[in-house]
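*Asks:* Read off the chains here:
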Amino acid sequence: MKKKELAVAALENGTVIDHIPSSSLFKVVNLLQLEKLTGSVTIGNNLDSNRLGKKGIIKIADVEFPEDVINRIAVIAPHAVINIIHDYEVVKKHEVQLPDELNNIVRCNNPKCISNNEPMPTRFHVENRDPIVLRCHHCERTVAQSEIQLK
Amino acid sequence: MSSVRRGLHVNLKLIKMNTRSLVSISDLSKQEITHLLDVASKFDHNPNQRLLEGRVVATLFFEPSTRTRLSFETAANRLGARVIGFSDASTSSQAKGETLKDTIMMVSNYADLIVMRHPLEGAARYASEISPVPIINAGDGANQHPTQTMLDLYTIRQTQGTLENLNITMVGDLKYGRTVHSLLEAMQFFNPTFNFVACKELQMPEQYKQFCRERGLAYHETTDFGPDIINQTDILYMTRVQRERFSDLMEYERVKNVYTLTASMLQGAKPTMRVLHPLPRVTEIAQDVDDTPWAYYFEQARNGLYARQALICRALDIQVP
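Order-wise, the sequence lines are chains U and R.
According to numbering that gives the first Met the number 0, the first sequence is numbered sequentially starting from 0.
According to numbering that gives the first Met the number 0, the second sequence is numbered sequentially starting from 0.
Derived by calculation from the structure, the hints in this document are not laboratory data.
It cannot be assumed that every hint is accurate.
Said to hold, decoys possible - Straight-line distance between alpha carbons at most 25 Å, and here's what the computed DSS-like set of lysine-lysine pairs gives:
1) Lys111/U to Lys95/R
2) Lys100/R to Lys150/U
3) Lys58/U to Lys91/U
4) Lys208/R to Lys29/R
Use the sequences and the hints to build the structure in full.
*Replies:* In structure tokens, the structure reads:
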């Protein structure tokens, strides 16, 4: 049997986001604006996962995100797991939690919605969590999980 | 993170700025609806009350709607207000590319209240969030038209003496018709029984049937429009079946005639039953119905004046004696 190796190096301090569906990995990168970080960021994709088949993982050195920021990724990776690492040890581990309201994260699918025609932030209420159903605060239309598009 | 925090801060500020706008019928509680109908009734008895002397009401119609605009402007005039505005976006600076926000901010410098109709859905909600003066939604695309719902409720109560425990039959385009959707939402407080009569293509959307189920409101769904349904009905709410909703014009021609109400169909109707229609009607109510005691759609349109007077006074926090 092949010896199991770490696909990416262990982190001394920072955040590991695990169990991201492969198809959402780069959306998560964009949503958290990781391209603006100057510290080391390790991104792995299409890794084997018992739960998801293929998964993505992101390791961000020396950064911890506020809860309200990290939870925004729940809209595209509802079961992603956040690990906070201190001195190579996992000190905190939890699944992301979709907030009740999403401000300027999701785009409305209704082309006749004012939010697609005016320079303004979008706002969505979470009507259901599993599967995710969002309601546009402005035009009142619902968006199903499979239809969610980020701004 | 800072942008998220800033967003929250702005939202809180907006909520404080303006709480008297009316964007959607669901903004009103049962008590508020009942109170507003009582106020409308006062205007029904005496429409000329100069309660808005010295005030300015702006009517911003980014898409034309003659009936609704005239009704609002008459309401404001009979209350003694002055009216400014436009009836077509091509004559406003929106045609030059101005944003809705800029138009609202500019007009709110001049007017005490803004009544707006806009072709885009959510436009009134957005305007109510940025405007320092109250907004009354006079229709935002296919979304909401709460003053129509208030005049429908007023008419139902006027003709039946109550809003409670009524049998309400909705006929025609139940899929796209925003008036039936808003009426259904508003009637949730009054224990109605609904009959949804429509062809397969235009049936009541699932979300509204679910709305009924969640609140324990009885409804029956059928494609048959005949005496069986009509004879048990208190309010027969007819709507226009629009040709553009059909991909198959043959189907439109068939459906159009199936859901047409004629005087002969009303013979077994309750004497207190009334036929309502948000107007304009085309062929769905035959002309011979107009002369029957059941026809009430023109009186219903007149009630729009009283309902809008009541809503204008609510928006400006004016007590009606």
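*Asks:* State for each hint whether it applies.
*Replies:* Evaluation of the provided hints:
Between lysine 111/U and lysine 95/R, the direct Cα distance comes to roughly 20 Å. Compliance with the 25 Å bound is thereby established for this hinted pair. A threshold of 25 Å between alpha carbons decides the hint, and for lysine 100/R with lysine 150/U the separation of about 20 Å falls inside it, so the pair holds. Of the pairs offered as hints, the one joining lysine 58/U and lysine 91/U holds, with about 15 Å between alpha carbons and a cut-off of 25 Å not exceeded. Distance check on the hinted pair: lysine 208/R and lysine 29/R sit about 21 Å apart at the alpha-carbon level, within 25 Å; holds.
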